[in-house]
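Going by my numbering, the sequence shown opens with residue -15, and the numbers climb by one from there.
A portion of the hints provided could be inaccurate.
Stated by the list, open to error - Derived DEER-like restraints, expressed as beta-carbon distance ranges: (1) R125 / R14: 42 to 48 Å; (2) A68 / W226: 44 to 50 Å; (3) F255 / C136: 26 to 32 Å.
It is worth saying that the hints were derived from the structure and are not from the lab.
From the three backbone atoms N, C-alpha and C, an ideal C-beta is built for every residue, glycine too.
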Amino acid sequence: MDRKVMETRAPDRLEPDTANAVLLPGMEERSRSAPAAGFAVLRAYKNGLALTDGASLIEGYGAVFGTLGLCIAVPIWISAFTDADILGIALMSVGIMMGAVMLLFDCTGYREQPTLFDRAAGRVYIMHSQRDWLRPWRWFRIPVSVQSFEWCRIRAMIVPTVGLGGAGAPRLNYALRLVETDVPNGTRIVASFGVGIPSVYDGGAEPAALWEHLRRFMQEDGPHLGPHDALYVDDSSPSRLWNAIWWWQPLLGPGAKQFWAGPYWFLTVPFGLFALIGLPLTMAGGFIRWLSYRCKRPAPWPVDVLASIGPPLTPAELASRGR
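Let the sequences and hints guide you as you build the complete structure.
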């Protein structure tokens, strides 16, 4: 990120609970950061962009670990029941319930809940699932609410947070957060929400570039994607069974070439060969992720929102529009 931008601290009254937030230029002002969406755009529409959410990265994980927990707990529960082990029965009953809840949670609801930018209407939409936590049997039909924000009242910040990286070492993550003020260019926050996937080790350069891309798309009729951008693709995405079954197998399936011949092949190849030991388990886990994905429904955006953003664009249409 540009040094001058990083030194522009957000006023306390603008975001009092994030003292280290960095306030980015407003929608009328071009940033010195080059615009780039990277791989944050999930879908492009005629008049809109849908940005992926962080939950897309862990799609189906709950179903996998819930199934694993059931496979471990159920045989132990049967053994404890046979031996009349009251404590074992009680503990494994709790484990079975937890595994069943995790499995049910990750097989119900909606596949994605992206942030939707509507250029035609000048609005930003986010979706909330209203899951009834006390009544799991109602998770098969979860109502949703859509929150709408006026683009003219949006400001952007980069919020650094401390997370755990490799080997449990702390690292700084940088997330793009949009806030809606009471009036255009106001200072009183009425709502805030995160956008895209946080970056690491870049001082906030990726979120700053993403904001500039969104600003130009919404404010200046800019392109859906930049010259070096691409739609978000997860090589192990559970949306396709062939991709999903190669979960945690970097040397097999789609995208494997970059791990065989990439700049860090001396790390990825040994790890990939070691991962082959667990191939049956990872393929089973990938299959469960795929089943979890298929059990969920697409995000139910309101009809008027879909009419405003228009039809989704194909890769060929994106190329013909100059990205």
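List of violated hint numbers, smallest to largest = Violated hint: only 3; rest satisfied.
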